[in-house]
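There are 2 protein chains.
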Amino acid sequence: MTTLGPGDHTRVRRLPEKARYDADTIEAIIDAAPFCHVAATVNGVAMALPTLHLRDGDTLYVHANKSNALLRAALDQGEAAVTMTLYDGIRLARSGFESSIAYRSVMLVGPTREVVEPEERRRILNGFVDAVVPGRSSEVRPMTEREERLTLLVAITIREASAKVSAGPTDDDADDAALPVWAGVIPARTVYGEPVANTDGAMASGALPVPPSVQRFLENDE
Amino acid sequence: MTTLGPGDHTRVRRLPEKARYDADTIEAIIDAAPFCHVAATVNGVAMALPTLHLRDGDTLYVHANKSNALLRAALDQGEAAVTMTLYDGIRLARSGFESSIAYRSVMLVGPTREVVEPEERRRILNGFVDAVVPGRSSEVRPMTEREERLTLLVAITIREASAKVSAGPTDDDADDAALPVWAGVIPARTVYGEPVANTDGAMASGALPVPPSVQRFLENDE
Chain P
1 MTTLGPGDHT RVRRLPEKAR YDADTIEAII DAAPFCHVAA TVNGVAMALP TLHLRDGDTL
61 YVHANKSNAL LRAALDQGEA AVTMTLYDGI RLARSGFESS IAYRSVMLVG PTREVVEPEE
121 RRRILNGFVD AVVPGRSSEV RPMTEREERL TLLVAITIRE ASAKVSAGPT DDDADDAALP
181 VWAGVIPART VYGEPVANTD GAMASGALPV PPSVQRFLEN DE
Chain B
1 MTTLGPGDHT RVRRLPEKAR YDADTIEAII DAAPFCHVAA TVNGVAMALP TLHLRDGDTL
61 YVHANKSNAL LRAALDQGEA AVTMTLYDGI RLARSGFESS IAYRSVMLVG PTREVVEPEE
121 RRRILNGFVD AVVPGRSSEV RPMTEREERL TLLVAITIRE ASAKVSAGPT DDDADDAALP
181 VWAGVIPART VYGEPVANTD GAMASGALPV PPSVQRFLEN DE
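So the protein lines, in turn, are chains P and B.
Per our numbering, the very first residue in the first sequence carries number 1; after that it's consecutive.
Per our numbering, the very first residue in the second sequence carries number 1; after that it's consecutive.
Hint data in this document are derived by calculation from the structure and do not stem from the laboratory.
It cannot be assumed that every hint is accurate.
Put simply, identical chains are the same to the list, so a pair is met inside one copy or across any two.
[As the list claims (entries may be wrong)] In silico lysine-lysine, DSS-like type, Cα no more than 25 Å apart, as pairs:
id, residue 1, residue 2
1, Lys66, Lys164
2, Lys18, Lys164
3, Lys18, Lys66
Source: prediction; values computed, not measured.
Can you make the complete structure from the sequences, with help from the hints?
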């Protein structure tokens, strides 16, 4: 993905000081986002679907049920745009105009194809599980053939992409900065709480310990 | 917004057990989301723009710079779809197939109009500031006429909407639940940290206290 750059669809036209085009920044935002929004036109209206994603090099995978209208449309239309947005807090200026939220976002566009080869399908579907909690796919019951067939799996080749990063103190002009108005950043982050075990089936006894994947996930979050 | 309901664009077809159509649930998700994604077609590609929003009854307001291509497209197309998604954590099943994230999302669709009347524009633009931190608009320097003119302000009448809520323990079938595989929920939430004051202008001395709006915001977050 080192050749990645913006194109007609993703070049940042407003606030170019927020734009980032380097692959490291773009990939880090894609990989840090727990979900994305895929846009496509359904029944004549452009809509955005929140869904999980998995990046493998310059390919972004998204999936949904076989009958999902929006991913079907993204396939039919031959290309799709995807947005990831991470919320980092609130940037308060001396003016409402310069105030905003802190965020990191990526917009990418590329051609779509349905992933149909069973081996690639299994590898990527297990990859989705591990993208949420690394190592989890080896702890769960193996995928059935029926489950493998029920999922619509779409690969998007990242043809162009750009990032926007809004962070740090607001850039108020000198007249505003001289005002006796407090300005600053309220940082925000996502934190995970203690896992809540299901209480059905074999777990009704409460005897199963929290598995290694979840323990590692929570340790890495601290 | 009590008459709100789904329509052709927003009825939930898959996983109807996650669907919510009552106005209270839909409004609560819209109002709790710090930002949304507006979808529109730009240069022939449906794309989703992350942006702030403000709800007033059954009207959703979004704004951007006058030259923003996506909001211009939403106006030209006469209607727009907006998605809000709140990330609530991770739901781990005994199978990868039933595992997912916990989230609350809303999809809404409605006709767009540009807000041009100066009094409505000022009221709504100040409302955006207060939607992020309640009470903040009265602490900042008043909006200038130039700032009021620079913003493209779009009102979307919420003609139809639906919510999806994915929460709680996974609903594994009895065979899976009997397996010796841990299942459960890792809850996630957004937390705010200590505000970081700007150090420019009048604040270089560090003499300005954190204002009431920010103090209240952080107290309400605890």
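Against the structure, the hints:
1. Lys66 x Lys164: Close across copies (18 Å), not inside one copy (33 Å); limit 25 Å.
2. Lys18 x Lys164: within (5 Å within a copy, 32 Å between copies)
3. Lys18 x Lys66: Classified as between; 17 Å across copies, 38 Å inside a copy.
In terms of the numbered hints stated before, the structure departs from none.
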